[in-house]
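Protein chains: 4
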Amino acid sequence: MDRRVREPIYDIAHLGHVELLTPAFDESLWFFTEVLGMEEVARRGGSAYLRAFGDYALYTLKLTAADRAGLGHIAWRATSPAALERRAASLEESGLGEGWVEGDLGHGPAYRFADPDGHRMEIYYKTEKYRPPEDLRPALKNQPQKFPARGVGVRRLDHVNLKALDIDANSGFLRDRLGFRLTEEVRLDDGRQGAAWMNVTQKSYDIAYGGIDAAGIGGRLHHVAYALDSREYVLRAADIFLEEGIFIEAGPAKHAVQQTFFLYVYEPGGNRVEMISDIKLLLDPDHETVTWTQAEREKGQAWRTIMPESFFTYATPLPEEAPDG
Amino acid sequence: MDRRVREPIYDIAHLGHVELLTPAFDESLWFFTEVLGMEEVARRGGSAYLRAFGDYALYTLKLTAADRAGLGHIAWRATSPAALERRAASLEESGLGEGWVEGDLGHGPAYRFADPDGHRMEIYYKTEKYRPPEDLRPALKNQPQKFPARGVGVRRLDHVNLKALDIDANSGFLRDRLGFRLTEEVRLDDGRQGAAWMNVTQKSYDIAYGGIDAAGIGGRLHHVAYALDSREYVLRAADIFLEEGIFIEAGPAKHAVQQTFFLYVYEPGGNRVEMISDIKLLLDPDHETVTWTQAEREKGQAWRTIMPESFFTYATPLPEEAPDG
Amino acid sequence: MDRRVREPIYDIAHLGHVELLTPAFDESLWFFTEVLGMEEVARRGGSAYLRAFGDYALYTLKLTAADRAGLGHIAWRATSPAALERRAASLEESGLGEGWVEGDLGHGPAYRFADPDGHRMEIYYKTEKYRPPEDLRPALKNQPQKFPARGVGVRRLDHVNLKALDIDANSGFLRDRLGFRLTEEVRLDDGRQGAAWMNVTQKSYDIAYGGIDAAGIGGRLHHVAYALDSREYVLRAADIFLEEGIFIEAGPAKHAVQQTFFLYVYEPGGNRVEMISDIKLLLDPDHETVTWTQAEREKGQAWRTIMPESFFTYATPLPEEAPDG
Amino acid sequence: MDRRVREPIYDIAHLGHVELLTPAFDESLWFFTEVLGMEEVARRGGSAYLRAFGDYALYTLKLTAADRAGLGHIAWRATSPAALERRAASLEESGLGEGWVEGDLGHGPAYRFADPDGHRMEIYYKTEKYRPPEDLRPALKNQPQKFPARGVGVRRLDHVNLKALDIDANSGFLRDRLGFRLTEEVRLDDGRQGAAWMNVTQKSYDIAYGGIDAAGIGGRLHHVAYALDSREYVLRAADIFLEEGIFIEAGPAKHAVQQTFFLYVYEPGGNRVEMISDIKLLLDPDHETVTWTQAEREKGQAWRTIMPESFFTYATPLPEEAPDG
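Protein chains in written order, with full-length UniProt numbering: chain A, 1 to 325; chain B, 1 to 325; chain C, 1 to 325; chain D, 1 to 325.
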């Protein structure tokens with residue numbers, strides 16, 4: 001038997017929640033609740049806590065009023081208390097650990113850290129599962145919440161996509177310290193990693209460093225993605241965004257990388273949000289990373305969809321808004 | 001931190017392949033290749049090896065000529081060589097282990113065993129991944145094979161569903177010995193488990209004991225399921241089965257349990273085959289089993305779809321065909 | 001040139017609106033507005049006037065409080081003022097004409113009549129087209145109204161389906177007097193017409209006499225149907241009905257006759273309502289009627305879907321509620 | 001009653017067939033049969049006659065070997081023999097009539113003419129309806145042919161889209177002489193019609209003059225369109241075109257004008273072919289033309305899809321290939 005095969009690490013279960021910062025809190029809240037069809041489960045300080053109907057946890061989005069759009073933090077759930085301790089110890093060792101915090105609404109103690117690019121993250125295990133009130137009780141008890149036939153009706157948080165100055169360094173950090181697996185990547189002609197898609201679940205990705213942050217700002221968000229059941233629902237989302245005056249940047253169309261079906265819009269606070277479907281399962285425990293050359297990447301999307309320039313340059317916070325931008 | 005939480009076992013990666021026995025080999029082969037759109041990758045002895053276009057392994061179905069319809073064996077892939085050894089040791093200890101075999105086309109050494117009901121199974125790790133010939137090379141290299149726009153066009157093997165005399169015993173065996181997680185179950189009024197759905201992946205199930213084998217035969221198959229991308233493709237499959245004269249037993253409709261979208265047909269050899277979509281992800285590492293009471297179960301499918309009696313009684317081999325039936 | 005070909009009559013443009021009677025007005029109104037996603041455009045006396053977002057006319061459903069569920073009347077729009085006069089003259093001659101009425105909200109003078117079975121109908125030409133208020137203005141001006149991302153979101157009125165004691169007589173009346181074309185029919189072994197589907201548009205049917213009224217009551221409604229864009233939207237409607245506790249009688253599934261995709265529910269007032277998609281176009285000006293024998297009809301729906309007995313017997317008003325029932 | 005309302009003309013039933021010229025006959029034939037899934041019903045001289053499974057007539061596409069890509073002719077079916085005579089008389093009077101021809105495979109005598117731009121057209125009434133051979137007999141007899149689960153599987157011919165030097169003149173000709181109705185148009189700032197969509201059926205268009213022929217060649221084709229049942233099937237077509245190496249020019253996406261869902265490819269002979277779904281019904285007999293200003297038109301497609309320059313300039317024959325180009 002081949003002894004070189006390393007035992008995989010299964011310490012991170014999945015993406016838990018994302019905190020988005022918005023300079024237009026009320027409008028952003030309208031977007032997520034009325035247009036996307038999410039539920040607000042709590043309000044604390046300047047933050048609203050929001051959930052999609054299929055999310056099992058209390059919430060997956062923390063929307064926080066701020067001066068600028070951008071990413072607050074990204075939270076990962078560990079697979080067990082011991083897994084959490086193992087990862088905290090490894091992060092501590094990495095020098096990028098920031099230490100434990102008490103927790104927040106809906107989850108227990110969390111270990112905070114940042115990736116090399118400065119995106120703030122945390123890991124936690126203990127989780128409050130959602131218990132619906134009477135009016136949101138589902139007809140079938142194997143579903144966390146009644147399906148809200150309102151707006152787009154997103155099902156669940158899917159992934160985050162970040163900009164980074166040095167993608168090799170950041171993807172390597174997540175792999176080494178947290179056990180992420182690199183499922184697809186772009187390798188530029190100069191040898192640098194141009195983009196990296198990684199998973200901890202059996203979805204083909206849970207996080208991506210989608211492109212190099214040419215502006216050199218650090219800690220920037222390309223987008224956060226919510227999943228829909230099929231391509232038709234992504235098309236229907238576009239119909240709804242059109243009616244509601246939401247800025248559609250690109251799609252619906254099919255990515256060549258990962259083959260997911262995408263639709264990108266800007267929520268009123270300025271953050272890019274993706275509607276996604278057809279994320280593939282990667283059940284193979286020794287899946288080999290798919291590497292796209294720069295030339296292959298430049299062929300664009302699967303169906304030759306023309307992407308606007310902003311798709312490659314726009315990220316939050318914007319350069320003019322960034323603290324030192 | 002809560003010390004009572006047991007570390008999950010991640011030793012089984014996924015369902016690897018299923019061997020079906022058919023008394024009508026040529027007609028069954030036509031069904032899987034021309035109607036379902038699968039590819040035959042090899043023929044050995046009385047068996048054809050078949051794959052769906054999204055399967056990463058060489059094949060997921062072994063179709064074997066036999067006197068009677070039924071299940072040959074079910075194969076599970078381990079997550080690593082060490083995981084395979086751990087599971088073999090545990091099975092050995094269980095008294096239901098049968099020992100190692102050399103392997104078969106497409107995979108390395110396998111440890112053979114049977115569940116308490118007599119369904120023959122094996123675990124292996126080493127796997128031959130599919131390398132398409134020129135005419136089946138996909139346009140996008142992150143896909144194992146060109147999409148065959150022929151027939152139904154199933155994407156990948158999804159799960160197996162078995163009959164068993166004692167479901168508690170069988171589901172308990174898979175949980176204890178292989179680390180399967182019980183995601184949903186039916187608990188009868190008399191206290192027995194009436195059905196059990198279990199997973200090793202993050203799909204909400206990979207195997208089910210779908211009902212008690214009232215005929216008391218043992219080792220019987222309810223169905224094997226192949227996955228499609230969305231509900232519309234399951235409807236389209238029904239259109240195709242209608243045109244091709246394939247017996248449609250039930251569906252398309254939506255299960256209450258697991259909420260999957262189903263369509264059941266009999267392949268020409270007599271085995272029931274399911275077209276499935278909308279299998280949900282269970283990312284929660286401490287997901288609590290959903291237990292349906294007998295009364296809840298008797299409410300039927302999600303949309304009150306009337307199921308034919310055969311759905312509850314028909315399994316292969318048929319009683320009159322079973323060795324001692 | 002073949003002189004036997006009769007010039008078709010194009011005097012009736014389409015089904016204009018349907019009046020439904022409900023003994024549960026508030027609940028029925030909730031069903032049509034909140035569950036189906038229709039808009040109430042006016043309230044007059046005991047009636048609410050409702051529209052689907054794709055209807056070009058002011059409304060297509062008049063919902064009227066009454067002691068019993070059932071059909072109020074069915075209104076057809078003529079293709080021109082002259083066409084209206086021609087049809088009124090023909091109806092007058094038939095002995096089933098009732099004379100002119102002033103019109104109602106949204107349309108001009110109407111000629112009233114009843115089919116031989118006693119279903120009350122009218123024809124009108126002059127029509128008020130819908131002009132949306134600011135908050136319902138669509139993003140694209142070639143659409144009558146903003147798409148309401150609320151509930152099912154039905155697009156437009158499609159057809160009505162009636163019970164009748166003598167189907168030959170009723171379908172013949174519509175053909176002879178109004179120029180309806182018989183597109184499909186069931187011919188019973190005893191020579192009687194068992195069901196008849198007819199169109200005036202190029203949809204494959206606009207009205208059907210769906211079955212013989214064995215209860216012998218007369219003037220009964222089997223269902224009224226609203227159209228959705230595709231099968232997936234009909235499935236989604238079933239998901240919503242499940243969550244909202246609406247009684248699902250049959251479907252979603254595919255009819256053999258006409259091949260439409262159907263879903264039948266009872267609105268809270270007791271009338272059956274169909275969600276329909278995939279109604280085919282019949283562009284052939286000399287389309288030959290498709291005749292199904294009794295034996296063919298008894299084969300059931302396209303995919304062998306089992307229909308509940310109520311589908312064949314339930315109609316409004318119910319026998320116990322009918323005036324002389 | 002309003003006497004100013006003109007009685008509509010219903011003399012043209014629908015688009016009957018289109019003849020395409022191809023300099024790559026074998027490759028074009030492969031495209032239509034293997035990639036689109038059409039059937040070849042006959043071969044005569046240098047022409048193949050092809051049908052989609054839902055077409056009621058013997059064929060809807062005549063594919064003819066030629067030096068250059070482009071349009072052969074467009075054939076319209078009349079609603080009756082008398083209607084054919086009426087239209088022939090009117091065309092005769094117009095000065096653009098060319099006289100009667102004997103007919104071709106599948107239809108009777110046809111009156112030939114050209115629109116002012118030189119697109120060759122004909123009208124006929126007598127039609128051979130398709131009778132499937134044994135292996136193409138459908139399971140349901142209300143369908144002309146068995147659904148071929150091969151390739152895209154287009155259902156029926158939908159429309160043609162032409163370039164013209166003077167769109168007002170051409171759309172006016174079809175309206176005045178043949179009774180076409182102008183459903184949507186673009187009106188340029190200089191007062192000229194920039195594009196015109198017209199119907200004879202209750203589909204929202206059957207022919208369009210999609211843009212001004214800036215090259216000034218005359219008689220050019222923008223595209224011919226085949227219909228699919230829903231948007232998902234158009235997406236699936238894109239998946240198949242990608243695998244088969246067919247050039248995808250634009251889409252899948254949603255038009256603002258007419259709101260149809262589109263996908264444009266070039267068949268191997270160079271002609272643009274559209275896959276279309278969601279063509280709306282226009283049941284209103286006095287539908288008012290929707291006029292888009294130049295500024296409105298320049299906003300582009302419904303979801304801001306970026307169209308390649310070729311979409312506005314490419315038409316067959318190409319300038320360099322045109323007889324006098």
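Any given hint could be a false lead.
Pairs count within a copy or across copies, as identical chains cannot be separated in the list.
[Unchecked claim] Once the Cα atoms are required to be at most 25 Å apart in a straight line, the calculated SDA-like pairs of lysine to any residue come out as:
1) LYS126 to ASP284
2) LYS280 to GLU93
3) LYS129 to GLU93
4) LYS146 to GLU134
5) LYS141 to ARG155
6) LYS146 to ALA215
7) LYS146 to GLY118
8) LYS141 to TYR266
9) LYS129 to THR293
10) LYS280 to ALA114
11) LYS280 to ARG137
12) LYS299 to GLY191
13) LYS126 to TRP100
14) LYS126 to ARG68
15) LYS141 to PRO319
16) LYS299 to LEU58
17) LYS126 to ARG137
18) LYS146 to GLN294
19) LYS126 to LEU242
20) LYS126 to HIS73
21) LYS299 to TRP100
22) LYS141 to GLN259
23) LYS129 to ILE248
24) LYS299 to PRO116
The set of hints was computed from the structure by calculation and includes no laboratory data.
Verification of the supplied hints:
With identical chains, the CA atoms of LYS126 and ASP284 are at most 25 Å apart between copies only, with a shortest distance of 11 Å across copies and 29 Å within one. In this homomeric assembly, LYS280 and GLU93 never come within 25 Å of each other (Cα to Cα): the closest approach is 34 Å inside a single copy and 37 Å across copies. Proximity of LYS129 and GLU93 under a CA criterion of 25 Å is satisfied in neither setting, with 31 Å inside one chain copy and 37 Å between copies. In this assembly of identical chains, LYS146 and GLU134 lie within 25 Å of each other by CA distance solely inside one copy; the values are 10 Å within and 31 Å between copies.
In this assembly of identical chains, the alpha carbons of LYS141 and ARG155 lie at most 25 Å apart only when taken from the same copy (16 Å versus 29 Å across copies). In the homo-oligomer, the alpha carbons of LYS146 and ALA215 never lie at most 25 Å apart, since the shortest distance is 43 Å inside one protomer and 39 Å across protomers. Taking the shortest Cα distances, LYS146 and GLY118 never come within 25 Å of each other, neither inside one copy (37 Å) nor across copies (40 Å). For a Cα distance limit of 25 Å, the shortest separation of LYS141 from TYR266 across copies, 24 Å, qualifies, whereas the shortest one inside one copy, 34 Å, does not.
Taking CA atoms no more than 25 Å apart as the test, LYS129 paired with THR293 passes between copies only; the shortest distance there is 22 Å, against 42 Å inside one copy. Taking identical chains as interchangeable, the C-alpha atoms of LYS280 and ALA114 are never at most 25 Å apart, the minima being 28 Å within one chain and 31 Å between chains. In this assembly of identical chains, LYS280 and ARG137 lie within 25 Å of each other by CA distance solely across copies; the values are 19 Å between and 30 Å within a copy. In this assembly of identical chains, LYS299 and GLY191 lie within 25 Å of each other by CA distance solely inside one copy; the values are 19 Å within and 41 Å between copies.
In the homo-oligomer, the alpha carbons of LYS126 and TRP100 lie at most 25 Å apart inside one protomer (14 Å), although the nearest pairing across protomers, at 41 Å, exceeds that limit. Proximity of LYS126 and ARG68 under a CA criterion of 25 Å is satisfied in neither setting, with 31 Å inside one chain copy and 51 Å between copies. In this assembly of identical chains, the alpha carbons of LYS141 and PRO319 never lie at most 25 Å apart, being 47 Å within a copy and 35 Å across copies at closest. Within a single copy, LYS299 and LEU58 get their C-alpha atoms no closer than 41 Å, and across copies no closer than 29 Å, so neither meets the 25 Å cut-off.
For a Cα distance limit of 25 Å, the shortest separation of LYS126 from ARG137 inside one copy, 23 Å, qualifies, whereas the shortest one across copies, 46 Å, does not. In this homomeric assembly, LYS146 and GLN294 come within 25 Å of each other (Cα to Cα) only across copies, at 23 Å, whereas the closest approach inside a single copy is 45 Å. Proximity of LYS126 to LEU242 under the C-alpha cut-off of 25 Å is found in neither arrangement, the shortest distances being 40 Å within a copy and 33 Å between copies. In this assembly of identical chains, the alpha carbons of LYS126 and HIS73 lie at most 25 Å apart only when taken from the same copy (18 Å versus 40 Å across copies).
In this homomeric assembly, LYS299 and TRP100 never come within 25 Å of each other (Cα to Cα): the closest approach is 45 Å inside a single copy and 48 Å across copies. When the C-alpha separation of LYS141 and GLN259 is checked against a cutoff of 25 Å, the pair qualifies only between copies, where the shortest distance is 10 Å, while the shortest distance within a copy is 32 Å. For the homomeric pair LYS129 and ILE248, neither the shortest alpha-carbon distance inside one copy (33 Å) nor that between copies (31 Å) is at most 25 Å. Taking the shortest alpha-carbon separations for LYS299 and PRO116, neither the intra-copy value of 30 Å nor the inter-copy value of 42 Å comes in at or below 25 Å.
The structure fails hints 2, 3, 6, 7, 10, 14, 15, 16, 19, 21, 23, 24 (numbered hints given earlier, in ascending order).
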